[in-house]
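*Asks:* Here is what each chain is made of, one letter per residue.
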Amino acid sequence: MKHFISIKDLADPKKAVQTALALKKQGSNLDHSMTADKVLCLLFFNNSLRTRLSTERAAMYLGMKVMVMQISDTGWALEFEDGVIMNADKAEHVKEAAAVVSQYADVIGIRAFPTLTDKEADLEERVLRAFARYATVPVLSLEGATEHPLQALADAMTIEEHRTVSRPKVVLSWAPHVRTLPHAVANSFVLMMQRQEVDLVLTYPKEYALDPEVVGNSKVTHQQEEAFEGADFVYVKNWSSFEPYGQTPKVIDDFTITAAKLQAAKFMHCLPIRRNVVAEDAVLDGSNSLVIQQANNRTYSALWAIRELLTAAK
Amino acid sequence: MKHFISIKDLADPKKAVQTALALKKQGSNLDHSMTADKVLCLLFFNNSLRTRLSTERAAMYLGMKVMVMQISDTGWALEFEDGVIMNADKAEHVKEAAAVVSQYADVIGIRAFPTLTDKEADLEERVLRAFARYATVPVLSLEGATEHPLQALADAMTIEEHRTVSRPKVVLSWAPHVRTLPHAVANSFVLMMQRQEVDLVLTYPKEYALDPEVVGNSKVTHQQEEAFEGADFVYVKNWSSFEPYGQTPKVIDDFTITAAKLQAAKFMHCLPIRRNVVAEDAVLDGSNSLVIQQANNRTYSALWAIRELLTAAK
Amino acid sequence: MKHFISIKDLADPKKAVQTALALKKQGSNLDHSMTADKVLCLLFFNNSLRTRLSTERAAMYLGMKVMVMQISDTGWALEFEDGVIMNADKAEHVKEAAAVVSQYADVIGIRAFPTLTDKEADLEERVLRAFARYATVPVLSLEGATEHPLQALADAMTIEEHRTVSRPKVVLSWAPHVRTLPHAVANSFVLMMQRQEVDLVLTYPKEYALDPEVVGNSKVTHQQEEAFEGADFVYVKNWSSFEPYGQTPKVIDDFTITAAKLQAAKFMHCLPIRRNVVAEDAVLDGSNSLVIQQANNRTYSALWAIRELLTAAK
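Residue numbers (my numbering), protein chains in the order written: chain A, 1 to 314; chain B, 315 to 628; chain C, 629 to 942.
A few of these clues could be false.
[What the hints assert, rightly or not] Result set (BS3-like, lysine-lysine): computed pairs, CA atoms no more than 30 Å apart in a straight line:
| # | chain 1 | residue 1 | chain 2 | residue 2 |
| --- | --- | --- | --- | --- |
| 1 | A | K250 | B | K404 |
| 2 | A | K314 | C | K718 |
| 3 | C | K878 | A | K90 |
| 4 | C | K942 | B | K520 |
| 5 | B | K575 | C | K942 |
| 6 | C | K942 | A | K314 |
| 7 | C | K642 | B | K338 |
Keep in mind that the hints were calculated from the coordinates and are not lab data.
It should be emphasised that the depicted structure is a prediction, and the values quoted were computed from it without experimental measurement.
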């Protein structure tokens with residue numbers, strides 16, 4: 001694995017889950033020999049709480065040093081187009097920025113949300129792919145335009161820890177929200193579950209169909225109730241429409257998650273979550289919620305990824 | 315001490331001063347065994363210079379790792395009310411945020427200034443108390459709505475270092491300012507001095523009476539000159555009115571501190587200080603000013619508090 | 629060297645280059661004994677990418693701890709005038725700020741760009757000189773109003789590494805830009821080259837003459853083509869006019885750098901660079917560009933400077 005930008009970068013997604021869980025057990029006893037003099041640089045084009053702190057925490061477990069920059073606020077505006085005359089608002093080209101930062105760090109983590117208006121730029125994962133192209137060290141996605149692989153790995157770890165059957169039924173359900181949100185978490189979750197020993201069902205209003213390239217042959221139903229029947233895990237997330245791109249059409253059916261709908265299924269969400277919009281309080285405060293455990297596993301999915309990238313880069 | 319949010323959290327305020335001063339003497343020779351693999355996370359809802367750098371420095375002395383976030387700028391807006399439908403501007407509930415961050419750090423430091431408009435929220439110390447309720451690790455106040463305990467401990471240390479009599483006379487004086495300021499520093503100073511071997515006198519214009527629950531039986535005079543008579547230490551601070559809450563009524567008497575008023579008394583202030591508004595240049599540039607020493611002791615009050623919190627959390 | 633704010637602070641500029649290059653070779657094998665328990669505090673009044681990350685990286689190589697603050701965003705607005713009544717927007721005087729931060733760190737790095745409107749304040753290097761005056765630890769410029777010494781040292785190192793003759797011809801050329809830029813990089817480069825074994829030629833439109841105190845006896849031509857003849861290194865940078873101060877008068881001649889103009893000369897620039905405004909793509913993408921190597925040497929010029937400052941402060 002040269003970079004970790006997509007779930008598709010995982011050579012063996014099942015083994016990744018097992019190895020990450022094994023690393024989690026080691027905690028403060030992790031072998032630092034490969035990582036102790038390495039530097040992780042985290043560049044944020046967008047806000048963050050879990051990703052930033054858990055990835056920094058992961059590097060600490062590995063004995064690494066970390067540099068964190070809110071690059072959108074305190075760095076220079078970057079140009080990503082080739083051949084352009086840079087006489088407007090962009091002060092530096094990613095060609096220089098990526099090559100330069102590569103000299104100061106051994107792994108570069110980058111968060112760059114989608115525009116949700118420029119579909120082409122988003123689908124080609126313009127920011128992260130440009131950094132990966134011009135960097136001379138591995139690039140780690142801290143959530144890109146179309147995927148959030150560290151989240152999906154943490155989610156798969158959480159399912160593995162909490163499953164009670166060998167092949168659990170896992171449902172991904174759309175839920176309402178008040179803002180226009182990306183598809184990254186949902187996409188990576190689908191791509192990851194397609195590569196795990198689970199029965200995956202997707203449920204969303206027909207207006208909120210995900211990218212067909214991501215959905216592939218996965219089972220889809222627009223009846224949430226039908227999807228939830230016998231579910232072991234219900235993963236919930238809002239996203240905007242994919243076609244037309246980045247819209248939030250009104251929906252008649254009530255997709256808000258309630259304890260009554262969930263029944264015995266475990267509840268999962270990547271956080272932050274809007275209570276009583278995405279899911280009611282009773283769900284989040286109930287014993288079937290795994291959201292805090294998922295967030296904890298973010299540390300270990302990051303830890304696994306950093307180690308993998310450094311090993312491959314040796 | 316489970317959390318350190320109020321001076322009232324100190325089981326033995328006199329011993330705290332002595333222990334913190336003893337730790338200060340150890341400097342780089344401090345025992346790291348309990349702290350070396352621990353992580354401190356500092357979350358700032360407001361700006362800071364001293365608090366941020368001194369607390370980070372304290373953690374370095376302890377061999378700890380530190381993560382610093384300007385959470386108000388680069389995190390998600392937090393909801394603190396229970397049962398609310400989160401369909402407005404708040405993206406995450408403190409229930410999730412506090413529980414999640416607790417998994418990445420061993421102590422969480424938080425700065426959250428008062429609103430000065432919502433008296434009820436401020437008096438119940440809403441932000442810090444909510445974090446303390448939902449966190450699973452100790453919470454350290456980096457200045458809350460009603461108290462600034464790390465400052466008051468540093469102040470008591472400074473008085474202990476510079477006193478020339480066994481029971482010094484300590485005056486807290488209001489002084490003018492151009493903005494509407496919180497009561498936190500004054501409150502914690504009063505609560506701390508009430509628990510030390512000092513004769514405490516408070517002086518402020520009648521419009522600027524502090525919270526009666528804080529003042530208790532402490533001696534108060536509205537005659538600054540009378541208060542300053544024979545004072546060993548004069549602690550100066552501006553604050554807004556408590557009743558009505560958060561106002562800045564005009565005052566006739568001149569409370570600005572001059573060298574002539576101070577005479578032989580030591581001058582103290584938490585900084586930042588507006589020169590020639592709160593106190594004239596001659597006071598700050600004179601040999602009786604202790605403001606730089608107070609700021610230095612911030613490192614060691616933080617160091618003491620972090621150690622105490624980690625010890626209690628074991 | 630007590631502080632490092634100007635190239636004139638270097639006692640022996642040639643030896644500085646040699647020592648910095650020797651330190652670069654040591655990499656992770658550097659002796660940490662003098663630096664391992666030291667703290668570097670970086671205060672940014674302006675944005676940064678290279679300077680921030682390379683200086684932080686340098687401190688990591690030295691085993692030091694680093695505290696980074698975007699002081700303009702998350703600290704208090706500072707007053708630099710003496711004797712002023714601070715009843716406006718400035719919350720703290722540099723006298724207090726510098727003395728206080730000196731207690732938390734062993735070296736203070738500061739970035740403070742010029743106003744480009746207040747020539748007197750800029751020429752006296754008001755912010756950095758005030759910090760140096762009131763700090764009790766060494767101050768390291770991360771680019772001031774009139775100089776960028778860490779950049780110029782890195783540039784001299786790069787020339788030393790890439791020269792093929794004992795006394796190379798080095799040209800500093802102005803180039804066009806779309807914003808009003810400082811003179812700091814150009815000034816420090818000139819002052820540094822005047823102290824190295826090089827033949828220095830400056831070329832700029834007559835409207836863009838640099839400060840005569842900096843230019844001194846250095847050779848100047850307004851004919852870029854003449855300057856470039858036989859050049860070994862062409863260092864390119866935009867700056868605003870010095871007289872009148874901070875203007876951007878229109879220029880007839882085309883100073884944009886092309887591969888055809890450069891011929892065999894090595895191309896240098898401090899970055900960030902606007903492609904196809906300052907220099908065409910072919911220059912930056914060509915094999916004669918040294919811009920990425922210059923940025924790499926920023927780590928080692930910072931490393932050298934931090935060690936020098938700590939040695940002198942012992």
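*Asks:* Hint compliance check: list the failing hint numbers for this structure, sorted ascending.
*Replies:* 2, 4, 5, 6 and 7
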